[in-house]
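Could you build the full structure based on these sequences and the hints that come with them?
Mapping of the sequence shown onto mature numbering (1 follows the signal peptide of the UniProt record, and there is no 0): residues -21 to -1, 1 to 166, in sequence order.
Hints are supplied without guarantee of correctness; some may be wrong.
FRET-style restraints, in silico, Cβ to Cβ [stated by the list, open to error]:
no., residue 1, residue 2, range
1, P90, M(-21), 52 to 58 Å
2, T122, I87, 15 to 21 Å
3, S91, D156, 16 to 22 Å
4, T115, Y157, 21 to 27 Å
5, T(-4), I87, 40 to 46 Å
Straight-line alpha carbon distances no greater than 27 Å define the calculated DSSO-like cross-link-like pairs of lysine-lysine that follow [claimed, not checked]:
no., residue 1, residue 2
6, K82, K92
7, K92, K149
8, K82, K149
Honestly, the hints are just simulated from the structure, not real lab data.
Since the structure is predicted, the reported quantities are computational estimates derived from the model, not experimental observations.
Cβ coordinates follow ideal geometry from the N, Cα and C atoms, glycine included.
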Amino acid sequence: MLGLMLPTWFLSMWISNTATTAMMIPIANAILVQLKEAKEEAETNGHLAIETGKSFLKCCGGTKSAGVRIKSVLRKEYDSLGPVNIGGYLAIIETSEEDELLKSYVAIIVPSKDYWIGGSDLATEGVFIWENTSATVNLPTSTLFQGWAQGHPGIDNQHCMMLGYQLDFKWNDATCDYPRDYVCEQN
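Below you can see the structure in the form of C-alpha cells.
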C-alpha cells in the first residue's frame, strides 16, 4: 500500500491530483491482476506434495489447492459423491511424516474442526481399513506407525476415522452421521 501511496504523493506535488490518479490507476490495476493470477495459480496447481508422491487436496471437486475442504459433509454424502466426481479419495495416512504434515496444515487452516480421513471399520467392527486400498489400519497395539489418540479406537458405534481437533488432530473413531470437513488425497 505504501508502495502506491508514496509515488502518488510525490507525483501530485508537480501535477494535478486528477492526473496523478489517472496515472496510478492502471498501475494499481496491474498489481491487483497479478495478485489474483498468483492466487488462482496457487489454488489450481498448489498442493502439499509429500515425498511419497501424494497430493492432499483442499477441495477434491473444486479448486485443487493445498489443504482441506471447507464445506462439511456427512460421510455418507461424501461416499455418494464418488471418487471420480471429486477427483480423489479420503486421505490415507501411511507414515509419521504424512501424519505430521496434515496435522500441522489443518491446525493452521481451521484449527477448531474435525476432518474425515479414509479409514473405517464399517465392514467389520474393530477392524479398521483404509477404504481406498483395503489395507488394514495399524492399531495402537501395533509396532508399526499409527496415529491414534489415547483410548481410541473404541468398540462402539463409531466407525469412521477422523483427525480430531480436541485430540491435537490424532486419529479418532467417530460416528459417520455427523458433518465434518475432510482431507482428500490424489496420487
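For each hint, the structure was consulted:
The hint said 52 to 58 Å for the Cβ distance between P90 and M(-21), and at roughly 29 Å that hint is violated. A hinted range of 15 to 21 Å for the beta carbons of T122 and I87 is inconsistent with their spacing of about 31 Å. In this structure the hint that S91 and D156 lie 16 to 22 Å apart at CB holds, the actual value being about 21 Å. A C-beta distance of roughly 25 Å is found between T115 and Y157, which places it inside the suggested range of 21 to 27 Å.
Checked against the given bound of 40 to 46 Å, the beta carbons of T(-4) and I87, roughly 44 Å apart, stay inside it. This hinted pair checks out: K82 and K92 have alpha carbons roughly 12 Å apart, not beyond 27 Å. The straight-line distance between the Cα atoms of K92 and K149 is roughly 12 Å, inside the 27 Å bound, and the hint therefore holds. With a CA separation close to 8 Å, the supplied pair K82 and K149 stays within the 27 Å bound.
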